[in-house]
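Given these sequences and hints, build the entire structure.
Given next are the chains, with one letter for each unit.
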Amino acid sequence: MSDVDRSIAEAPLPTGGTLRRRKSLFYQATRFVAFNLRMMKMVTRAHH
Amino acid sequence: MDRVVILGAGISGHTAALHLQRQLKNKVDIVVVSPNSNWNWIPSNIWVGVGKMTKDQVTFPLAPIYKRKHIDFRQAKAVAIHPEGSAGTGQAFVDIVYTDPTRAGEEEQITYDYLIVATGPKLNFAATPGLGPDANSWSVCTAGHAEQSSAALEAIIEALKAGEKKTLVIGVGHGTCTCEGAAFEYTFNVEHELRERGVRELADVVYLSNEYDLGDLGVGGMTFAQNGFETSSKMWTESLFRERGVRAILRAHVERVDPGVIHYEVLDGSKHTLDFDFAMLLPPFRGVDMKAYANNGDDITDNLFAPNGFLRVDGDYEAKPFEEWTPEDWPKTYQCPRYANVFGVGIAFAPPHAISEPRKSPNGTVISPAPPRTGMPSGVMGRTVALSIAERIRHGGEAPLRTASMAAMGAACIASAGTGLRKGSAAAITMYPIIPDRKRFPGSGRDLSQTSGEIGLSGHWTKLLLHYLFIYKAKARFGWFMIPE
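The listed protein sequences correspond, in order, to chains A and B.
Take the position in the first sequence, starting the count at 1, then add 638; the result is the number in my numbering.
Take the position in the second sequence, starting the count at 1, then add 28; the result is the number in my numbering.
Worth flagging that the hints you see were computed from the coordinates, not collected in a lab.
Cβ coordinates follow ideal geometry from the N, Cα and C atoms, glycine included.
Be aware that one or more of the hints could be misleading.
Here are the computed lysine-lysine pairs in the DSSO-like style, where the Cα-Cα straight-line distance is at most 30 Å [to be verified]: (1) K679(A) <-> K388(B); (2) K189(B) <-> K360(B); (3) K189(B) <-> K83(B); (4) K360(B) <-> K679(A); (5) K661(A) <-> K83(B); (6) K262(B) <-> K679(A).
Listed below are several chain A residues computed to face chain B (Cβ distance under 10 Å; list not exhaustive) [unchecked claim]: (7) D641; (8) A649; (9) P652; (10) Y665; (11) K679.
Given below as structure tokens:
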């Protein structure tokens, strides 16, 4: 097993709860708003 | 009336053209020279490559937009710059050769008062024997390439459905490639498609990259603050690879692609082969083939362009070791030092050095990513240079230039990991600044409050939203300028 394979094999696996949250329409809608606000803040900063 | 010639109509050049026209209306003569008749929203080529979008959904013809905006569009490629003009005239000009089918091969000289070089990259498939859609691997660099990849992938899926085992290799086709993010996206979109089609079990999906670690992405990796801990993009990306069962081969320089076999060297100098049934390997980039001449006819290409073919601008190009790299090395105004009316933006400007730590194998092979200059910074550079030129045209040649250093700019990157309004996902990343500044931000070199990454369905929605927003903006429809770069 290579170093890369070993490192991947030892990486943390998302729990069932995390996987459900990644697909949850309600939770993801909140993340959509949060990420886009963060992105807008960054874009605004990049333009000045 | 001043004439501004813009070479290239990609994200950077097209953005510059639209902003210049908006700023100066009929007080400027804008000429856009591009060998392509269509504009392409390149980030969505990934979805064309898995058959989820068509070529027509990610491209549109430029000519009607420029006609509406009174911008002179020449479908042609620039072959030479004469920044001092010819003997006796002093009027700078560019040589172009038409690619427009109605004037194909016709040559012309176009004079300019200001020149913006936004020619993007030359897709340098020739750097690796056997690389590219004309040889033994596929690409998603253009919408046409992505369509070819989609057709090849479909054939593989049919074989998998028939019970055959297949190996799909996706990554970069040379040790000095950039755009690892696009290879990452295509890997996970293909993996997603295989699962959706019920054939994932028979497919071995391999990511082949020149990155030292997963999550490097050509920006030296990132550090995120999550749940009270500092998390590396390495661990974060490895987690996704483990979850989705994708193998990775890193620190690799592809030497040659034979039919069904990739020959590669890794950083320890050892050489290997990898058999494949489907390979999508991105090419390295270099500047387009353009020459430059002084007014006495002397070839000054090496003065204007770096050895990699990209235009030298106001960066610090002195060769120095990684430990001495600073954010101040990076260009701010994108003005050519020798000719004040020439600017280089987007992928066309020469970066002073990489962002990821440079590495060589014991055989002397460079195996480390070149710095990415993706959509957001390219658009910002195009706009910034357009505003600088507009102010110089309005107020004279000494008006101060605007700045947009990648060391003072953040970026958002949405790396798709699968499509579908309910089943899609993407890694949504923000980073500030793009160029790490370890004096201002000890440790990772980036502001932890503005550097983040999360995976989920909302990332896919954001990428889809950006697809529609940026095509709307590029079509210069009502209020286009309110959509930031």
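Quick rundown of the hints versus the structure:
In summary, the hint linking K679(A) to K388(B) is not supported, as the alpha carbons are separated by about 38 Å, beyond the 30 Å threshold. In summary, the hint linking K189(B) to K360(B) is not supported, as the alpha carbons are separated by about 53 Å, beyond the 30 Å threshold. Among the hinted pairs, K189(B) with K83(B) is consistent with the structure: their alpha-carbon atoms are about 26 Å apart, no more than 30 Å. This hinted pair checks out: K360(B) and K679(A) have alpha carbons roughly 21 Å apart, not beyond 30 Å.
With a CA separation close to 29 Å, the supplied pair K661(A) and K83(B) stays within the 30 Å bound. At roughly 26 Å between alpha-carbon atoms, K262(B) and K679(A) fall within 30 Å of each other, so this suggested pair holds. With a cut of 10 Å, the hint placing D641(A) at the interface with chain B holds, because the nearest CB-to-CB distance is about 9 Å. Hint status for A649(A): holds, given a least beta-carbon distance of 4 Å to chain B, under 10 Å.
Below 10 Å, beta-carbon pairs count as interface contacts, and P652(A) has one with chain B at about 6 Å; its hint therefore holds. Here the hint on Y665(A) is kept, as its CB sits about 8 Å from the closest CB of chain B, short of 10 Å. Satisfaction of the interface hint for K679(A) is found here, the shortest Cβ-Cβ separation to chain B being roughly 8 Å, below the 10 Å cut-off.
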